[in-house]
Each structure stands twice: as structure tokens, then as C-alpha cells.
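Line order of the protein sequences matches chains A and B. Be aware that the first sequence starts at 14, since it is given in this note's numbering, and climbs by one per residue. Be aware that the second sequence starts at 223, since it is given in this note's numbering, and climbs by one per residue.
Since the hints were made in silico from the structure, they are not lab data. Hints should not be assumed to be uniformly reliable.
[Claimed, not checked] Mimicking SDA-like on lysine to any residue, the simulated pairs with C-alpha atoms at most 25 Å apart in a straight line are:
#1 A:K281 <-> B:T277
#2 A:K60 <-> B:K339
#3 A:K107 <-> B:R409
#4 B:K270 <-> A:G269
#5 B:K270 <-> B:D450
#6 B:K412 <-> B:L527
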Amino acid sequence: MALERDKLTAERALLTLGESELLELYRRMNLIRRFEDRTAEMYARGKITGFCHLYAGEEAVAVGAIFALYDKDYVVSTYREHGHCLAKGTPPRKVMAELFGKETGISHGRGGSMHLFDPNLRFMGGYAIVGGGLPLAVGLGLSIAYKEEPEVVCCFFGDGALPQGAFHESLNMASLWKLPVIFICENNFYGMGTLVQNAICQQELYRFAEPYKMPGVRVDGMDVLAVYQATMEATARAREGEGPSLIEAVTYRYRGHSMSDPAEYRSKREERIWQERDPIKTLRRRLVGERRVPESRLEAIEREVNAIIDDAVRYADESPEPALSDLMKNVYVENGGPQS
Amino acid sequence: MVGALSGNLAMEATYLKAINQALHEEMARDENVFVMGEDVAELGGAFKVTEGLLTAFGEERVIDTPISESLIVGAGVGAAVLGMRPVVEMQFADFISCGFDQIVNTAATLSYRHGGKASCPMVVRAPSGAGVHGALFHSQNPEAWFTRVPGLKVVAPATAYDAKGLLKSAIRDDNPVIYFEHKRLYRSIKEDLPDGDFTVPLGKAEVRREGRDLSIITYGGTLHQSLDAARIVEKEDGLSVEVLDLRTLLPLDREAILATARRTGKVLVVHEDRLTGGIGGEIAAIVADEAFDYLDGPVRRLAALDTHVPFAPPLEEFVLPNTNKIVEAIRNLAAY
Ligand SMILES: Cc1ncc(C[n+]2csc(CCOP(=O)(O)OP(=O)(O)O)c2C)c(N)n1
Ligand SMILES: [Mg+2]
Numbered sequence: 014m015a016l017e018r019d020k021l022t023a024e025r026a027l028l029t030l031g032e033s034e035l036l037e038l039y040r041r042m043n044l045i046r047r048f049e050d051r052t053a054e055m056y057a058r059g060k061i062t063g064f065c066h067l068y069a070g071e072e073a074v075a076v077g078a079i080f081a082l083y084d085k086d087y088v089v090s091t092y093r094e095h096g097h098c099l100a101k102g103t104p105p106r107k108v109m110a111e112l113f114g115k116e117t118g119i120s121h122g123r124g125g126s127m128h129l130f131d132p133n134l135r136f137m138g139g140y141a142i143v144g145g146g147l148p149l150a151v152g153l154g155l156s157i158a159y160k161e162e163p164e165v166v167c168c169f170f171g172d173g174a175l176p177q178g179a180f181h182e183s184l185n186m187a188s189l190w191k192l193p194v195i196f197i198c199e200n201n202f203y204g205m206g207t208l209v210q211n212a213i214c215q216q217e218l219y220r221f222a223e224p225y226k227m228p229g230v231r232v233d234g235m236d237v238l239a240v241y242q243a244t245m246e247a248t249a250r251a252r253e254g255e256g257p258s259l260i261e262a263v264t265y266r267y268r269g270h271s272m273s274d275p276a277e278y279r280s281k282r283e284e285r286i287w288q289e290r291d292p293i294k295t296l297r298r299r300l301v302g303e304r305r306v307p308e309s310r311l312e313a314i315e316r317e318v319n320a321i322i323d324d325a326v327r328y329a330d331e332s333p334e335p336a337l338s339d340l341m342k343n344v345y346v347e348n349g350g351p352q353s
Numbered sequence: 223m224v225g226a227l228s229g230n231l232a233m234e235a236t237y238l239k240a241i242n243q244a245l246h247e248e249m250a251r252d253e254n255v256f257v258m259g260e261d262v263a264e265l266g267g268a269f270k271v272t273e274g275l276l277t278a279f280g281e282e283r284v285i286d287t288p289i290s291e292s293l294i295v296g297a298g299v300g301a302a303v304l305g306m307r308p309v310v311e312m313q314f315a316d317f318i319s320c321g322f323d324q325i326v327n328t329a330a331t332l333s334y335r336h337g338g339k340a341s342c343p344m345v346v347r348a349p350s351g352a353g354v355h356g357a358l359f360h361s362q363n364p365e366a367w368f369t370r371v372p373g374l375k376v377v378a379p380a381t382a383y384d385a386k387g388l389l390k391s392a393i394r395d396d397n398p399v400i401y402f403e404h405k406r407l408y409r410s411i412k413e414d415l416p417d418g419d420f421t422v423p424l425g426k427a428e429v430r431r432e433g434r435d436l437s438i439i440t441y442g443g444t445l446h447q448s449l450d451a452a453r454i455v456e457k458e459d460g461l462s463v464e465v466l467d468l469r470t471l472l473p474l475d476r477e478a479i480l481a482t483a484r485r486t487g488k489v490l491v492v493h494e495d496r497l498t499g500g501i502g503g504e505i506a507a508i509v510a511d512e513a514f515d516y517l518d519g520p521v522r523r524l525a526a527l528d529t530h531v532p533f534a535p536p537l538e539e540f541v542l543p544n545t546n547k548i549v550e551a552i553r554n555l556a557a558y
């Protein structure tokens, strides 16, 4: 799947990014991986309940794309959004506490795993309705264009969202109105147990850009630098007022669809092939091999990340449950406006 | 478990298995019946309700679709107009809103709109209900969005027997039927089902427990909590509580509702759907209108609070009706 173009763009990114930036990419991907592994553990122990979808394997997409954004840019995601939220900068403590359903969670335990939201960091939400985030991303873009602001919106969604009307409606409007929206399709080949080829008549998903008159590219979603570079190009275009782009990031989720899915519809061999292309290991190899970063540096980052996530788990576990007396709070907006 | 028992060969089945059996038997009986939805074939559905159908009937009649609820319902309507009997699945009842237009505008109006020259014999199956920590978009009870739409029928079985019998009737009915199956009941209840074909008529409620002092009118997930509560107050308070299971929410069985109200003179409606705009209001109005002279107290309603189903388990628990709350409501109304 590694395309010639990806190798070139990745090499270009490797040249343009400084060492500290590359290490930051490495740190963020490790942070997400560790977060998801610990989440799985906490789920197995009954500390986390409900529907929970992990991002392990796909870290390069969220990290690469969001690294290409400014802090003020917006991100919209799906129910598989722990990674995007963390990559945007939400403290792991706040995310883990939300998964635990605690008052200290980012949404005070009201939304849980599938509905993270951190408007201060311009993470504009995970959406549990497949395709539900796309029209909203168009609306964010509309507001940005109206106010003539310089920001862009990065909207993540799965391959499963393409057959929804909302996908087509959103691309059409974003293109017609030349809105600064970057549509990033995380093509991990499956929507639950359904293969892309059984759900979508056009398997080269980036080609859906054509009828909507916007640039469409396919990138190696296991390569953080390739995703970064493609997103940089799309944001440049969007900021110039030239409108939206569609990026298809080809990737793979290591675990089942959700914590209750044993993923029996795919082979162990297939899983192994993808794990050999692990985005974290790939970047590690590049850093050590091509940039001569000492292994000890990387190990220090891994240790630091592990400590942060362990702390997040402890924090979530020790946090109080939401008070029953607050149950009806926020059904309607209170005190004259949203509270940050 | 509750539910009528007839025939000789009894086989124990869960609520989930009962639905699965109904699908198997109806597909075998009528080749126009087919199943369509997200992951219903290969995977047997997110909850395994459609398991085994693909092997038994092949991919032409057990169809995996992309994630396209509007299309799933709308294509069902199209097929139904030409005499097919689609049973389409919304993976969670919460996603039925994505197919809302096709249900309320296209399916529900079809017969009327064409002066009776066309029909839409389609079933939309929708796993509903909370109590599984699914949070806002995997816990809803959206029946009341549909119970005010003429042209639709809406059912909500509470027992394995009814799950099977009502689904069979729904499939054989010539109108669009929305079939809400409570996902908390899937594996938590089972009963002996008679061997062979049986149906449960649409539009007929069933008295699950006879009583003199007070009537609970309920359906779906809260039937079992209501029965538990009735047993508790019988033992602890000596109260005799009748429990009426609506089974069909549109059309309502007005006769059965009025009969129980007249018998006991006190009515408590219980449902897991929210209070405001829930079907409890309609029932209260029917009782007030036509059984007023028999009433010895106000018609009370116990339902989910008027908020969203929150993720945090203690909050979710607090939002929903449960046995203790029903016991308390019975005692208050009985003392009136
Ligand atoms: C409107 C709607 N229909 C169905 C679902 C159930 N569902 C949740 S995720 C999913 C698969 C989505 O696959 P994809 O978009 O490829 O994302 P991935 O899980 O692979 O990240 C389905 C069918 C839903 N959440 N919303
Ligand atoms: Mg997918």
C-alpha cells in the first residue's frame, strides 16, 4: 500500500521537520497507543463500560493530520475519537475520566467514550452517528468563511460514512461554497464486519473528490509523515480560500470494531501483515536509522508517556461519580451561555 | 416467564432467539420475505438476532447493506410496493432518525396517498432501550416519534412469546410496522415456546396479572419491573395490582385500557420512554375521557426523566424507571 507518492512526501516531511517536531510526533503516537492499551485493560476490569472503540493502529492518521494544524484550527471526529482528542491536546486525565463516567471527565461523564468534546482546544466532538460529524464540519467552515477567519476544519470519518447521504451532501456544499474543510477518510477497510468492497461501489475512496470538484489523494495512513505532508497541502489550499480537499488515509484498526467484537471476520494473518507496518515502529526506525536519534531518547519518551497514562488511569479511578442532583443540568443552556 | 403456553412440544427460547425463529419461519413460509440491514448477513447482526439466516436463505434474501439508513428504509418501501415483504433492520433504534423521512413521509402515507391502490407491507426492526451504558445515541426509546403517525403500526413486545408472535403478525400485515425490540431483554428473559406456527394479533393488549386495587399499564422493558413491583407490594402491603401489557402501541387497545381502568379505578402508566410526549399521556387522556366516572384517583405516569440518557452508570440508573420507583409509585397512588 505504500505508494511512491507517499514515500516522496514522507521523505520531504522528514527533511522539513526538525528533530524536536519528529520526536513530538513520536510522543503523541505513543501517548495514544498507551492510552488505548490501558483503556482496553480498564474495560476488561469493568472500570469502563458501554460501547468503546479503540484507535490502536491508526495513530498516524490523527497525529499526522493534527500536527499539520495550528492550535486554532478545528477538529471533528467520530465515536473512535480518543486519538483525535488526545492529539489535539486534551489532557489524558480528562479523557480517561470521561471513559470512566466520572465528574472530572471532559464532559462530566455525560457523554462517555463516544462523545468527547473540548471546545477550548477546538476539538469539536466525536459523533456516534455515522456521518453525523460531516455536516457539522461544513457548518464550522461556513462560520469561519463568514467571519473571514484564517482557520480550517479537519473532519475525520471512517470508510463506513461514505454511503451515508451526509457525506455527499457535505462534500457538495463545502465545494460549492469553497469552505476551508479538510475531509479525512480513515479507510481501515471495514465498517464493523463489512468490507469496503461490499459497501462502496468505488473502492478508491479518494476518487469521490472528483465529482465534487476538489482535490482527492490517497495516503499511507500508517505513515505519520505522509499524512502530515498531505494535510499540509490541503490546509494551504483551504487557507488560500480555494476550498475543501478529501484525503483518504489507508490504515488498519488493530482491535475489533468495539470492545465486544472479536473480529472473527478477518484473518490473523491479515492482522499480522498490518502490524508489521506499525506506524510507531516505522517512525522509530526512521528516527534511529535516518536521523540518528539515540534509542535512549526514544525510550525516555516512552517512559514519560507511560507515566502520564498511568497517572490518568489513577486520576480517573479516584475521581468522584457525577452527583445525581446535577442530572437535569445543561439540558438547556444555563447562566446565559456555554461554560468553558 | 410470563406468556401464554399452548401446544405440546415446548422449547425454551430467549427473547432474542424468539425473534430469530420468527424470521426463520416467516422466510421459509413466504419467499417474498427478505431481511436487509447493516451487518445482518455475514455477522448475523450486531446482537446476533439474524444469525443463521444467511446460511439458511442465501445472500439474495439476507442482504448486508452499507451504512445508509435512509436508503435501507426507502428501498424497503420500494420493494414492498412491488409485493415483497422486507424486514429491514436499524442496528440501533437510535439510528432510525436517519431513516425518519422514509418512514413517516414515504411509508406511512403510501396507501392513503394512492387512494388505497398501493400498500407497504414492510417491517422496520429497531433494538431500543437503555440500561446497557450506551449513552445518548445507543439507548433511546423513540417509539413516541411514530405513535402519532397514521398509517404506521408500532409494536413493542415484552416477552419471548410475543416477540415471536408479534413479529410474525407484523410481517404478514399489509401496513408498515415499526417493531421495537428491547435490547436489555435479548438474553435476560426466556420462556418455553410452543412448537409450530403461532401469531399474536396486532392491536391487542394482554393482562399479565389480575388485580383489584390498581392497574399498571406498561409495555416493553418495564413490564418485568412492573410485575416485580406488583409482587413486592402484594407481599409487603397486601395490594392487588393488575398489570396490562400493551404490546401494540399503535393502534392502542382502547378496550383493554378502559377495562382495566374501570376494574381497579386507579391507573399508573409506566414506560422507559421519556415522560413528556410519551405514550403515557395518550393513555391518561383516554382513561380520563372515557373512564372518568370509575376513577378513584389521578392517572399517574412513571417514565424516564426528561433528559438524555447520560453515560455515567449511576446517572443512567437514576434517569430510568426501575422496580423500586414503581413500588413507590404504586404505594403513593394506592394511598390516594
Ligand atoms: C447512522 C449510524 N448507523 C449505524 C451505526 C452503527 N455503527 C457504528 S460504527 C459502524 C461502522 C462504521 O465504520 P467506519 O465508518 O468505517 O468506521 P470505523 O469503525 O472503521 O472506524 C456502524 C455500522 C451508527 N453508529 N450510526
Ligand atoms: Mg472503517
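Quick rundown of the hints versus the structure:
Between the alpha carbons of K281 of chain A and T277 of chain B the distance comes to roughly 24 Å, so the proposed pair stays at or under 25 Å and holds. With a C-alpha separation of about 57 Å, the suggested pairing of K60 of chain A with K339 of chain B is violated against the 25 Å cut-off. For the hint pairing K107 of chain A with R409 of chain B, the CA-to-CA distance comes to about 34 Å; that exceeds 25 Å, so the pair is violated. With a C-alpha separation of about 16 Å, the suggested pair K270 of chain B and G269 of chain A falls inside the 25 Å cut-off, and the hint holds.
At roughly 28 Å between alpha-carbon atoms, K270 of chain B and D450 of chain B are farther apart than 25 Å, so this suggested pair is violated. Taking the CA atoms of K412 of chain B and L527 of chain B, the gap is about 29 Å. The hint is violated against a cut of 25 Å.
Consistency with the previously given hints fails for numbers 2, 3, 5, 6, ordered from lowest to highest.
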